[in-house]
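Same order as they appear, the protein sequences are chains R and P. Counted the way this note's numbering counts, the first sequence spans residues 147 to 727. Counted the way this note's numbering counts, the second sequence spans residues 147 to 727.
Since the hints were derived computationally from the structure, they do not count as laboratory data. There could be a bad hint or two in this list.
The list makes no distinction among identical chains, and a pair is therefore deemed to hold if it is satisfied within one copy or across any two copies.
Said to hold, decoys possible - DSS-like mimics (lysine-lysine), calculated; alpha carbons at most 25 Å apart, straight line:
{"no.": "1", "residue 1": "253", "residue 2": "598"}
{"no.": "2", "residue 1": "634", "residue 2": "245"}
{"no.": "3", "residue 1": "299", "residue 2": "402"}
{"no.": "4", "residue 1": "163", "residue 2": "719"}
{"no.": "5", "residue 1": "584", "residue 2": "643"}
{"no.": "6", "residue 1": "598", "residue 2": "245"}
{"no.": "7", "residue 1": "177", "residue 2": "230"}
{"no.": "8", "residue 1": "562", "residue 2": "406"}
{"no.": "9", "residue 1": "634", "residue 2": "253"}
The structure presented is a predicted model; accordingly, all values stated were derived computationally and were not measured.
Number of protein chains: 2
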Amino acid sequence: MYRTHNCGELRIADKGKKVVLSGWIQRVRDKGSIKWVDLRDRFGLTQMILEEGVSDPALIEMSKGFGREFVIQVEGEVSERFSKNPELSTGDIEIRPEKIEVLNESKTPPFTIEEESDGGEELRMKYRYLDLRRPPLQRNITLRHKLLQETRKCLDGFGFTEIETPFLIKSTPEGARDYVVPSRLHPSEFYALPQSPQTFKQLLMISGYDRYFQIVKCFRDEDLRADRQPEFTQIDCEMSFVSMEDVMETFEGLIKELFKNVLGTELPEYERISYSESMHRFGTDRPDMRFGMELVHLEEHAKGKGFKVFDDSERVVGVVLEGGSSYSRKQIDALTDFVRRPQVGAGGLVYVKYNDGELKSSVDKFFSKEELRSWMDHANAGKEDMLLILAGEANRTLFAASELRLELGDRLGLRKKEEFKPLWVYDFPMFEYDEEGKRFNAIHHPFTSPKKEHLALIETDPGSLLANAYDMVINGVEVGGGSVRIHKRDVQEKVFKALGLTEEEANEKFGFLMEALEYGAPPHGGIAFGFDRLCSIMGGSESIRDYIAFPKNNAARDVMLNSPSMISEEQLKELNLKVRG
Amino acid sequence: MYRTHNCGELRIADKGKKVVLSGWIQRVRDKGSIKWVDLRDRFGLTQMILEEGVSDPALIEMSKGFGREFVIQVEGEVSERFSKNPELSTGDIEIRPEKIEVLNESKTPPFTIEEESDGGEELRMKYRYLDLRRPPLQRNITLRHKLLQETRKCLDGFGFTEIETPFLIKSTPEGARDYVVPSRLHPSEFYALPQSPQTFKQLLMISGYDRYFQIVKCFRDEDLRADRQPEFTQIDCEMSFVSMEDVMETFEGLIKELFKNVLGTELPEYERISYSESMHRFGTDRPDMRFGMELVHLEEHAKGKGFKVFDDSERVVGVVLEGGSSYSRKQIDALTDFVRRPQVGAGGLVYVKYNDGELKSSVDKFFSKEELRSWMDHANAGKEDMLLILAGEANRTLFAASELRLELGDRLGLRKKEEFKPLWVYDFPMFEYDEEGKRFNAIHHPFTSPKKEHLALIETDPGSLLANAYDMVINGVEVGGGSVRIHKRDVQEKVFKALGLTEEEANEKFGFLMEALEYGAPPHGGIAFGFDRLCSIMGGSESIRDYIAFPKNNAARDVMLNSPSMISEEQLKELNLKVRG
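Full structure from sequences and hints, please.
Here it is in structure tokens:
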């Protein structure tokens, strides 16, 4: 038996007990005649004491060889500490060892294993198993564990059935690229890894399972951006006989439960706004609702007055910075630099503010004081405030204004980590036009149902269709999204056609689904949550990687395993494949 | 709102309520002036009644178009049935519809959707979503759901942390073939799908997580046998600071809990026998313990008496068939045919039994009555019994005898479905010699620790080493297996060497693990359970396919999706691959 107790559980009540502990040496403090060794495991830290003239001299001798991260087993008596440590749950006691065994030695780790490590990211990725010993990562992995258990408990309680769907499926590239898996038994043929279990969960509704869920890995072969992973985890759900309203109600219930049971936080009521309202008020479909500073639309006030920049713009959009009238030239320049960053993409920034009771602006050459005042009034901006204005093509300007709003919210400290403001955004457009491909793409996915009353326009004006689709947004982050699906074959056919698929292509890729829709498919809808993202939001971090035990780097590489890697010629031959020149 | 209640919940207490139900039409019974329509969902069946002169004539007219599996929504009043059906939970009531909407029509399904279907297997696989509507599959999927929830609940309670390990890993073919995934971002390089998360769970022990679990998909590209799936689900677990004994105790605890909480069955105490004892007593390492009929070893009695068949055999092994003295010539011939089947592989079968008080045998030309009697006595066979004897090369003979024992157990009705007899088999050999490859293979896997006291023989006599490995067997089926792992680099190096890996190969494939063993790896061990198999045993079925929502067929093909399939030339090009001629 390696231990009678773990390193976090002994208390003063255990005084006098003979115990066996096993763990890692956190540190050795040597005060000459007394030596303390801190033993660590994931449950805590327990101190052992070696005292000249009291402890077995052989043990004292042995302890000279101890190094950081050695694994040892200690048999001894629990005794009361002379000077207690109230910061430690085991701080009242220490162990007086009678026997010590070194279970394994350790080389000196390449970085410190503490709350904050001195190791760089690449090094910590290579030795991920050592980084995972650090307390912040242990907390993250534990949070994830709890969230996994609570999610399933809650969905089980809601009457959802957990059903595993296959990983080796069929390649039907729509949108993102599939990872494919060559088949050896069927030469020249490939499976694909799922980007999501979408079609399977719909089939399960057609099978009558009524409510399905799964916490499942999904795969997307994308050109990687920071903090995207080629494999990621989804909470995937589907329900039968539901409207959009039913789905939203069910899943805000889930997320409220999770925040309550895992974090002890009561989420406030969800706001619900349509996509078009969200774009109008915030310039984005995932607004951070922890603060106001909604966009001010100035086209009517600012266009047609001879200022060419505004006159040539589709949109002229303002954001009011409360208390901004005191901003210096330098501070305003910094904001201008911010909006000009390629990630934000604006051409420049116009300001209007009071200075000693006088209205000042970077465009006062082009506009009268009355005109400027009418903007300030329209924007509800007072003497202490500053109105910041962006102009240009509609989408870019709204995006830049939304980024500026977030930046200003950060500066004013309005985006508090411990505050959570959840939101539903609904009624997304069905399609968006892809200028490059010269065709319409599905904004959600091709199985999303259009609003019934819009369906008639699908051939003549697909861009105008709204979908029964919804996103859950918390603090400006999209945590989940879903839709009510198409449950009739004729509608599905029309949507595939609008997306530019020929009848043949549609049948080749999704024939099984279209056929299934003819055998009594019930109305159904669902949602998928990004589980890694949900962990990171609840854990208060920006990075999903901190919540994944073994993540890949930004080049989709596992630097610990050194993967991907070459495979043998024999393996390639068996798969009937050749690497190109 | 599509429904106020599901189809399984209305009772006589609901009489008079206005309700809305949605579901599938199970059947329509037309008695002229009265028509009953059974509405079905996964919760049950509710009858609705349409009565000439009472119901809205438009609804009666509409119902003429109803077909099997139509999806309809019914609004109406709950009324008491005239003739109640005590077999149905909703059998006291029926609905008098005021409004009916057809939500979706259905073509006539290609097979009947009932307890027993009239559809052949291939057809039911193609329309799996319809097969999944049948009650037996619904029960199986529900059992699996419960088992998933209970397994996690139990392991969480035991202090295990659920940690997800990656799916895109590194190809390190040892034993079975890997499925590989070409990388687009790193041309000519491949990921592999995990055959198990073995190395990751060991790293997690090195990271100090102490107890890990995961219910996870694994992948093996094997030449398929009946009832094997290329992707399968494992309950994967690992623990630190444990001996073989600790692991066995923990996981028999898990399985007992699962049987209790899911089936309401108390498992009896686990027997524990060593591999060599198991082979000796039963001829197999996964004996069915629901009955006796242990093997009788007759070499000392039967060899060296001039009967060449026995004299040339390594083993002469008997099984006693109780009450077998009454077996006719024809029945004995049938048993001989059984052992001669290629799946059993014996050359023939010798019998000895009493006939009218006289000993009769197929070999009485070669042996005296006294000799035959001494065999019967040694086998504890009485006047009513028959001794059946197999002889030949050791492994083949033990295997055939074990198969014969199972067959006889079946014939005597000793293998009862509702009885469960769990067992641990432990102390497996470390290596087995592969005659074809002229080298030793790991019986469990290369990370299994050999018995400490045997390690000295690893270079001179690897075949003699025993491992700290164990299998859990229930009713003759291996449901799980595991081992205490190697936690020291030097031992791991020796094992790789014994397996014929050069130092370079070992480093290329498992360098990360060997390095990790140098940074304070604790003693650790674990187990993995075949989850599909566990479901099928608990559900009382032979086939794991019945417990997988979307299984592949014996050729690893998904006939519903038609996968694997060709991918586009464009996809191949992006992956830098070519299909060979």
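Among the hints numbered above, which are violated by the structure, and what are their numbers in rising order?
-> When the structure is compared with the hints, only number 4 turns out to be violated.
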